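Colleague: For the protein sequence lines, the chains are C and E, in the order given. Residue numbering for the first sequence follows the working numbering, beginning at 1 and increasing consecutively. Residue numbering for the second sequence follows the working numbering, beginning at 1 and increasing consecutively.
A few of these clues could be false.
What the hints assert, rightly or not - Straight-line distance between alpha carbons at most 25 Å, and here's what the computed SDA-like set of lysine to any residue pairs gives:
#1 24(C) / 96(E)
#2 285(E) / 345(E)
#3 154(C) / 25(C)
#4 53(E) / 96(C)
#5 260(E) / 136(E)
#6 260(E) / 87(C)
#7 154(C) / 142(C)
#8 53(E) / 25(C)
#9 24(C) / 209(E)
#10 182(C) / 87(C)
#11 23(E) / 289(E)
#12 148(E) / 68(E)
#13 198(E) / 97(C)
#14 260(E) / 86(C)
#15 260(E) / 25(C)
#16 53(E) / 110(C)
#17 260(E) / 128(C)
#18 260(E) / 131(E)
#19 111(C) / 58(E)
#20 351(E) / 290(E)
#21 242(E) / 290(E)
#22 148(E) / 54(C)
#23 24(C) / 93(E)
#24 260(E) / 97(C)
#25 198(E) / 267(E)
#26 111(C) / 156(C)
#27 53(E) / 311(E)
#28 260(E) / 96(C)
No wet-lab data here; the hints were simulated from the structure. Only a predicted model underlies this, so the values are computations on that prediction, with no experimental measurement involved.
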Amino acid sequence: MNLQALFDAALAMVCLALAFDASKARPAWRLSQLLLAAAAILGALRFSELLPMPSLHQFFSMLGAGVGLPLLAMAVIQPDSAVATQRRFAWIYAIVAATACIFLVMVAQIKAWTAVCALLSALCILVLAVKNQKKLTALGGLLLLMTLTAFALKLNVPPLLPGDLLHIGMSLSLLVLWTGSKRSV
Amino acid sequence: MGLILYAIPFFLGFIALEFFLSKKRAVQVYRFHDTVTSLNIGFVSETIRSVLKLMSIFVYALVVDQVAAFEWDIGHPAVWIVAFFMYDFFYYWAHRSGHEVNLLWASHVVHHSSEEFNLSTALRQSWTNQVFYWIFYLPMAIVGIPVKVFVITALVSALYQFWSHTRLVGKLGWVDRIFVTPSNHRCHHGRNDYCIDKNYGGTLIIWDRIFGTYTEERDDEPVVYGTLTPLNSWNPVWGNFKNYTTLWRDMRNVTGWREKLHVMFAPPGMVGGKTDPLSTAQTSKRFETPVTRRQMVYGWLASGVVLAMVIELLRVSSHLSWSERATFTLMIVISTAFLSRVFESRIRAAKLEALRCLLTLSPVIAGLWFYPVPLVVRGIALATLLISLTLLRSLHQESTSAIRSNTLEIA
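Modelling step: build the complete structure from the supplied sequences, incorporating the hints.
Modeller: This is how it looks when you write it as structure tokens:
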């Protein structure tokens, strides 16, 4: 198994663990983690060459960035909102965001949309956590923002590729965000 | 497009058959105004949906092309079976969302606005639902179900659903527990308390049984058809857009974008924390306006013209520009709206309808239509115009004398 597959698998495990750890009262958390996990599992299968489905991996990565991360941001920033606490509204949010993603990225070919969604989500988490003096959440937001910026700039630290850094950074930032949000609850 | 053209006589034939069978059994299943309204809504929906369907199929094909997880062999029966189950499952959720999300209910409500339940109700389809519902089927594209299989499955499902809109078929025993049948679809269209938000299935009712939305038709409580907030109009345009205006008003009544979004996606009747009162299905009266023989003759004639225009539009649409298509469609929409004013005996309705006839038929008669029209068609248009004007004149006199006698009675 190569490094890419390994880090994708690690991210998938983190996301799945967080999805199962989240109570039923936090459907947005669950849904966002499941979306990110789906992308990571497909990545692990792709890079380990067990079941390579590159187009499906790309598609779910797009949904992870364009739907999963904004949903995560809602769950972290507004933990009492309807989207964060009610399964119905979490699903509606996900469906509307997924439709926007498909239209803008696949039909209108605005490829930057997912990167913008992901970066804005991380930025919102950071800014609002600082404003509300939630240190751990702010740290998680900062880590996520740095990770996504590094990926957008295609930075690499040999032997790690930009994708590997993304998966390591995401795993860490998700764990920090989860700890932060658990404490605030 | 061709398929719709073939389907229209099939649907109309079955409606006629149901009408005659109901007469034979001495059961009143059809009411004139309601039937004409259902048919006109259905005719217009075919023209609008034919365009929107193409757009949704385009997006579906794009997703299949770029994402498809697997390649499926169309020749293998398993592919069709999987596609059928997937389509029906996603139909259930699309339909359920259509009832339980305000924005989608605003679109779907027109199908439920009829206070009758017959085969013409099946044609009373929303003009705007294609804008939303294609989204629910995208998982099929992601899995890689080919476009051809998807389109045919959708068509078979739509054809199946047609027959479930009848009161002439009773309970069917075990079939009622597996498939969507007239009995359990009658409940779906009911406004009795036990019928609200039940039986969403398209072909299989098993999804309702799995997700807890199944109900059986009760022998001790006859189903009363329609919605909790009745449309009370024969106007197809109002029928299609009334709930959007209500939604808009409700959104304006709350402050803050989050509240406005909440109103848009909340369940119908639960805006601002208030819920609809319990159904008054058993006691409330159906919407009714007086119908005269002349009105019936004119109604069928005008609806025939609308149908002819729809068939013609579907036939030639690929040769028309988008603006010509839009104008043609708008003429059909306006025709149905003006006809409904005659049905509702509105003031000056007959005069306005006469003007509408002149403006619609004159270009055909004068040979100034979007494309050259054969002489025979121009002759038929002239005859139709003359008959229409004569009938409208007598309808105008009829309504004027009715108003006069009412005034005298009051005096």
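Colleague: Now tell me, hint by hint, if it's right for this structure.
Modeller: Now for the hints, and whether the structure bears them out:
no., hint, in the structure
1, 24(C) / 96(E), "22 Å, holds"
2, 285(E) / 345(E), "19 Å, holds"
3, 154(C) / 25(C), "37 Å, violated"
4, 53(E) / 96(C), "19 Å, holds"
5, 260(E) / 136(E), "24 Å, holds"
6, 260(E) / 87(C), "19 Å, holds"
7, 154(C) / 142(C), "18 Å, holds"
8, 53(E) / 25(C), "38 Å, violated"
9, 24(C) / 209(E), "23 Å, holds"
10, 182(C) / 87(C), "19 Å, holds"
11, 23(E) / 289(E), "21 Å, holds"
12, 148(E) / 68(E), "14 Å, holds"
13, 198(E) / 97(C), "28 Å, violated"
14, 260(E) / 86(C), "17 Å, holds"
15, 260(E) / 25(C), "23 Å, holds"
16, 53(E) / 110(C), "24 Å, holds"
17, 260(E) / 128(C), "23 Å, holds"
18, 260(E) / 131(E), "21 Å, holds"
19, 111(C) / 58(E), "19 Å, holds"
20, 351(E) / 290(E), "19 Å, holds"
21, 242(E) / 290(E), "23 Å, holds"
22, 148(E) / 54(C), "24 Å, holds"
23, 24(C) / 93(E), "21 Å, holds"
24, 260(E) / 97(C), "17 Å, holds"
25, 198(E) / 267(E), "14 Å, holds"
26, 111(C) / 156(C), "22 Å, holds"
27, 53(E) / 311(E), "17 Å, holds"
28, 260(E) / 96(C), "16 Å, holds"
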